[in-house]
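Taken in order, these protein sequences are the chains called D and S. Be aware that the first sequence starts at 1, since it is given in this note's numbering, and climbs by one per residue. Be aware that the second sequence starts at 1001, since it is given in this note's numbering, and climbs by one per residue.
Derived from the structure by calculation, the hints contain no laboratory data. Among the hints, a few may not be true.
As the list claims (entries may be wrong) - Taking beta-carbon pairs under 8 Å as the criterion, some of the chain D residues facing chain S (in silico):
id, residue
1, Glu20
2, Phe22
3, Ala26
4, Gln27
5, Ala31
6, Arg33
7, Arg35
8, Leu186
9, Thr190
10, Ile234
11, Lys238
12, Lys328
13, Glu333
14, Ala339
15, Gly341
16, Pro420
Claimed, not checked - Computed spacing ranges between beta-carbons, pair by pair:
id, chain 1, residue 1, chain 2, residue 2, range
17, D, Ile14, S, Lys1194, 42 to 50 Å
18, D, Asn321, S, Ser1239, 29 to 37 Å
19, D, Val401, S, Ile1221, 16 to 24 Å
20, S, Ser1059, D, Arg417, 45 to 53 Å
21, D, Ile14, S, Pro1115, 35 to 43 Å
22, D, Arg425, S, His1156, 36 to 44 Å
23, S, Ile1221, D, Ala31, 51 to 59 Å
24, D, Asn321, S, Pro1115, 45 to 53 Å
Claimed, not checked - List time: in silico SDA-like cross-link candidates among lysine to any residue, alpha-carbon distance up to 25 Å:
id, chain 1, residue 1, chain 2, residue 2
25, S, Lys1042, S, Pro1115
26, S, Lys1086, D, Lys328
27, D, Lys328, S, Ala1146
28, D, Lys328, S, Val1088
29, S, Lys1194, S, Ser1239
30, D, Lys328, S, Thr1075
Here the structure is a predicted model, which is why all the values come from computation and not from measurement. For glycine and all other residues, C-beta sits at the position ideal for the given N, C-alpha and C.
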Amino acid sequence: MTGKTLRTELFRLIQFEIFESFRIAAQQLAANRTRSGLTALGVIIGIIAVTLMGTAIKGIDIGFDNSMAGFGDDVLYVEQYPWNTGADYWQFRNRPDIKLNAADRLNQIIGSNPKSFLAVAINAPACIQTVLYGKRQISNVYTTGTTDQFSYVSSTECEKGRFLNEAESKSGRNVCVIGRDVASGLFANTAPLNKVVRIRGQEYRVIGVFAKQGSFLGIFSWDSQVVIPLVSYIKYFKANQENASIRVKVKDKNRMPDAIEELRGSFRRIRGLLPEQADDFAINEQKSLRSSIEPIKTGLAIAGLFITGLALFVGAIGIMNITFVSVKERTREIGTRKALGARRRTILLQFLIEAISICLVGGALGLILSYALFLLLTRVFHDFPIQFSPLLVVLALLVSVVTGILSGFAPAWQASRLNPVEALRYE
Amino acid sequence: MQESGIIIPVRLTRSKGESVIRIHGITKEYFMGHAVIQALRKVDLLIRRNEYLAIMGPSGSGKSTLMNMLGCLDTPTTGTYEFNGKDVASMEDDELAAIRNKEIGFVFQTFNLLPRSTSLQNVELPLIYAGLSRNERLIRAEQALASVGLAERMYHKPNELSGGQRQRVAIARALVNNPSIILADEPTGNLDSKTGQEIMNLFESLYATGNTIVVVTHEEIIARHARRVVRLRDGLIESDRENIED
Ligand SMILES: Nc1ncnc2c1ncn2[C@@H]1O[C@H](COP(=O)(O)OP(=O)(O)OP(=O)(O)O)[C@@H](O)[C@H]1O
Ligand SMILES: [Mg+2]
Chain D
1 MTGKTLRTEL FRLIQFEIFE SFRIAAQQLA ANRTRSGLTA LGVIIGIIAV TLMGTAIKGI
61 DIGFDNSMAG FGDDVLYVEQ YPWNTGADYW QFRNRPDIKL NAADRLNQII GSNPKSFLAV
121 AINAPACIQT VLYGKRQISN VYTTGTTDQF SYVSSTECEK GRFLNEAESK SGRNVCVIGR
181 DVASGLFANT APLNKVVRIR GQEYRVIGVF AKQGSFLGIF SWDSQVVIPL VSYIKYFKAN
241 QENASIRVKV KDKNRMPDAI EELRGSFRRI RGLLPEQADD FAINEQKSLR SSIEPIKTGL
301 AIAGLFITGL ALFVGAIGIM NITFVSVKER TREIGTRKAL GARRRTILLQ FLIEAISICL
361 VGGALGLILS YALFLLLTRV FHDFPIQFSP LLVVLALLVS VVTGILSGFA PAWQASRLNP
421 VEALRYE
Chain S
1001 MQESGIIIPV RLTRSKGESV IRIHGITKEY FMGHAVIQAL RKVDLLIRRN EYLAIMGPSG
1061 SGKSTLMNML GCLDTPTTGT YEFNGKDVAS MEDDELAAIR NKEIGFVFQT FNLLPRSTSL
1121 QNVELPLIYA GLSRNERLIR AEQALASVGL AERMYHKPNE LSGGQRQRVA IARALVNNPS
1181 IILADEPTGN LDSKTGQEIM NLFESLYATG NTIVVVTHEE IIARHARRVV RLRDGLIESD
1241 RENIED
């Protein structure tokens, strides 16, 4: 066959057989609306399950990224414990404290090396405290002690007032910058600036309120934090030394591995570790937190795929059954079409496309329903991170088509093989 | 029903007399368990262009079996079959489908129209399988419907038509691809005698304009329209003679 006849043959196939098959399928579905709708139920449920699963997983990823952005993707954390530890917590208990002067030592080392991958190290120890104002109080507030240089390693943008200045951080004046949730919790109707709050019996004057930074699944919120000068922190929270944390800004976040290696080497020098001794500190980065949400995502994926698989399997059996019934009912029609010149391929396509159409309609309905569900969810849970992606739509429709092909093939094949005479004779 | 104004395209391209169908030693056996039913036993038949042939015979004599064979709906157990000089006994299903589509026009006793489609869509069907463009399909289907006197019934569905009108739609559908031969298995079997007569008049005019027609019938009065009558009995041709005009 030459290229040209092949092309015209292909054109013919698409224009007449496939188009015509879709037209017949539409006619058939319209004529058997209830039956087709009921059959499509499995596919509808399957598609809802798969899109909601995909949406939730994507949403968790995005929500995670948004909330973790607060940790900074170009910041390393030198601390006693690695972030993503679980049961092996005890291993790290006997590690020495991270001393506050270690940050100065680090800065010296960084400063003496012009080719350093690191920019600056900043002390930012933190602990959980309760903040009071009059009769109101907010507990579980993430309280950090740091300097005016904090802006290198974290967002210090304020919606009201300002962040710590150099004088305040040097002198250790009792001032604080509070997160948005802390502000709205303590000062419902009054302006928070210049009010005095109490933390661990000490009074701090509010000089600023952070701009909204977001939260993660309601588990963790950047808006529930308080920052005070490092000097005050050392003075009043000495017992919380194990929460010491040195944040190190990296010059180029694309060279993270080099930066980590350098930091590890420098910190081993500060600790005076021998080459055969293991690290007695941890270098954390935002990325290492990602693995902590993997189990949630995997769980969701397994549950979603199980429900989807089950629904689609049941749906596929139903569609196969209904297509067999359709072939039986229309045996004479098949005979007639064959007598008028329909080829096996044409008949096969016709019934296959009919099954695919049921699935596509089911898939589209499923998408519409899950979109409605998705709108409802976002309305009810404002901060719930759900995302409805175009990729998901394509995936859902693809799954529908594959289900249609798998369930329609056997009956369509049977129809295409019918002997015309027997089909015409069928009562 | 008004008979006036029937326009039937005259075939000028095909000369009278050359053979359309030539079958030789055709047999057809059906196996029912251990029993073998011989529906056709060594049938020879030659049908020339622009013949008008009636096949008669008692019930079960093999008329429909022969007709299905002629129409390439079925393949013989043994024997040779040439259609327009081409051997079709050994053809694959898809090749047979092409012949059924382009060379043969079927008319059934039970009409076999698609119930949910309009007259026009029914008549379009063979053209779709032939791969004609939508425009061309419409023009030809409208023409065919007009030629059987149904220009006013194009958008009616079968259940909105009388029996005779349904059979006319079926005839238009058989004609629309300009086939070499029209095969009708008891086309008047489901019609009252007056309507049957009208259908036979239609065949008469189709014959007059150059078509080749084979009609299976029980009724002598129907067979009288044909120019040649073949009688079957027990799967054999009992007689094959020209109709004597009276
Ligand atoms: N599919 C089949 N299986 C078994 N036997 C068959 C089959 N089709 C036809 N026969 C047998 O072949 C013989 C011829 O049948 P055919 O339908 O050709 O008869 P006919 O002449 O058309 O009869 P009628 O006038 O009643 O339509 C009959 O004995 C019939 O029982
Ligand atoms: Mg018969």
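Results of checking the hints against the structure:
1. Hint on Glu20 (chain D) holds. Least Cβ distance to chain S is approximately 6 Å, under the 8 Å limit.
2. For Phe22 (chain D), the shortest C-beta to C-beta distance to chain S is roughly 13 Å, which exceeds 8 Å, and the interface hint is violated.
3. This hint is violated: Ala26 (chain D) has a C-beta 11 Å from the nearest C-beta of chain S, more than the 8 Å allowed.
4. Taken as an interface hint, Gln27 (chain D) checks out: its beta carbon lies about 6 Å from the nearest beta carbon of chain S, inside 8 Å.
5. Against a cut-off of 8 Å between C-beta atoms, the interface hint on Ala31 (chain D) holds, since the closest Cβ of chain S lies about 6 Å away.
6. Interface hint status for Arg33 (chain D): violated, as the beta-carbon distance to the closest one in chain S is roughly 13 Å, over 8 Å.
7. Because the smallest distance between the Cβ of Arg35 (chain D) and any Cβ of chain S comes to about 15 Å, over 8 Å, the interface hint for this residue is violated.
8. The closest approach between the C-beta of Leu186 (chain D) and any C-beta of chain S is roughly 72 Å, which is over the 8 Å cut-off, so the hint fails.
9. The closest approach between the C-beta of Thr190 (chain D) and any C-beta of chain S is roughly 74 Å, which is over the 8 Å cut-off, so the hint fails.
10. At a threshold of 8 Å, the smallest CB-CB gap from Ile234 (chain D) to chain S is about 85 Å, leaving the interface hint violated.
11. The closest approach between the C-beta of Lys238 (chain D) and any C-beta of chain S is roughly 87 Å, which is over the 8 Å cut-off, so the hint fails.
12. Look at Lys328 (chain D): its Cβ only gets to about 16 Å from chain S, farther than 8 Å, so that hint breaks.
13. Taken as an interface hint, Glu333 (chain D) checks out: its beta carbon lies about 6 Å from the nearest beta carbon of chain S, inside 8 Å.
14. Because the beta carbon of Ala339 (chain D) sits about 5 Å from the nearest beta carbon in chain S, less than 8 Å, this interface hint is met.
15. Checking Gly341 (chain D) against chain S: minimum C-beta separation of about 2 Å stays under 8 Å; hint holds.
16. Here the hint on Pro420 (chain D) is kept, as its CB sits about 4 Å from the closest CB of chain S, short of 8 Å.
17. Evaluation of the 42 to 50 Å hint for Ile14 (chain D) and Lys1194 (chain S) yields a pass: the beta carbon distance comes to about 47 Å.
18. Judged by the Cβ atoms, the range 29 to 37 Å given for Asn321 (chain D) and Ser1239 (chain S) is violated: they are separated by roughly 52 Å.
19. Taking 16 to 24 Å as the suggested C-beta distance range, the pair Val401 (chain D) and Ile1221 (chain S) does not conform, at roughly 57 Å.
20. Under the hint 45 to 53 Å, the C-beta atoms of Ser1059 (chain S) and Arg417 (chain D), about 30 Å apart, miss the expected range.
21. Between Ile14 (chain D) and Pro1115 (chain S) the beta carbons are some 28 Å apart, a value that contradicts the proposed interval 35 to 43 Å.
22. Between Arg425 (chain D) and His1156 (chain S) the beta carbon distance is about 27 Å. The supplied range of 36 to 44 Å is therefore violated.
23. Against the hinted window of 51 to 59 Å, the Cβ-Cβ separation of Ile1221 (chain S) and Ala31 (chain D) comes to about 40 Å, which falls outside the hint.
24. In this structure the hint that Asn321 (chain D) and Pro1115 (chain S) lie 45 to 53 Å apart at CB is violated, the actual value being about 23 Å.
25. Of the supplied pair hints, the one linking Lys1042 (chain S) and Pro1115 (chain S) is violated, its CA atoms being roughly 38 Å apart against a limit of 25 Å.
26. Our distance criterion of 25 Å between C-alpha atoms is broken by Lys1086 (chain S) and Lys328 (chain D), whose separation comes to about 34 Å.
27. Taking the CA atoms of Lys328 (chain D) and Ala1146 (chain S), the gap is near 34 Å; set against the 25 Å cutoff, the hint is violated.
28. A threshold of 25 Å between alpha carbons decides the hint, and for Lys328 (chain D) with Val1088 (chain S) the separation of about 29 Å lies outside it, so the pair is violated.
29. Restraint check for Lys1194 (chain S) and Ser1239 (chain S): the C-alpha separation of about 29 Å exceeds 25 Å, so the hint is violated.
30. A C-alpha spacing of about 23 Å is found between Lys328 (chain D) and Thr1075 (chain S), which places the hinted pair at or below 25 Å, so the restraint holds.
Against the hints set out earlier in the document, violations occur for numbers 2, 3, 6, 7, 8, 9, 10, 11, 12, 18, 19, 20, 21, 22, 23, 24, 25, 26, 27, 28 and 29.
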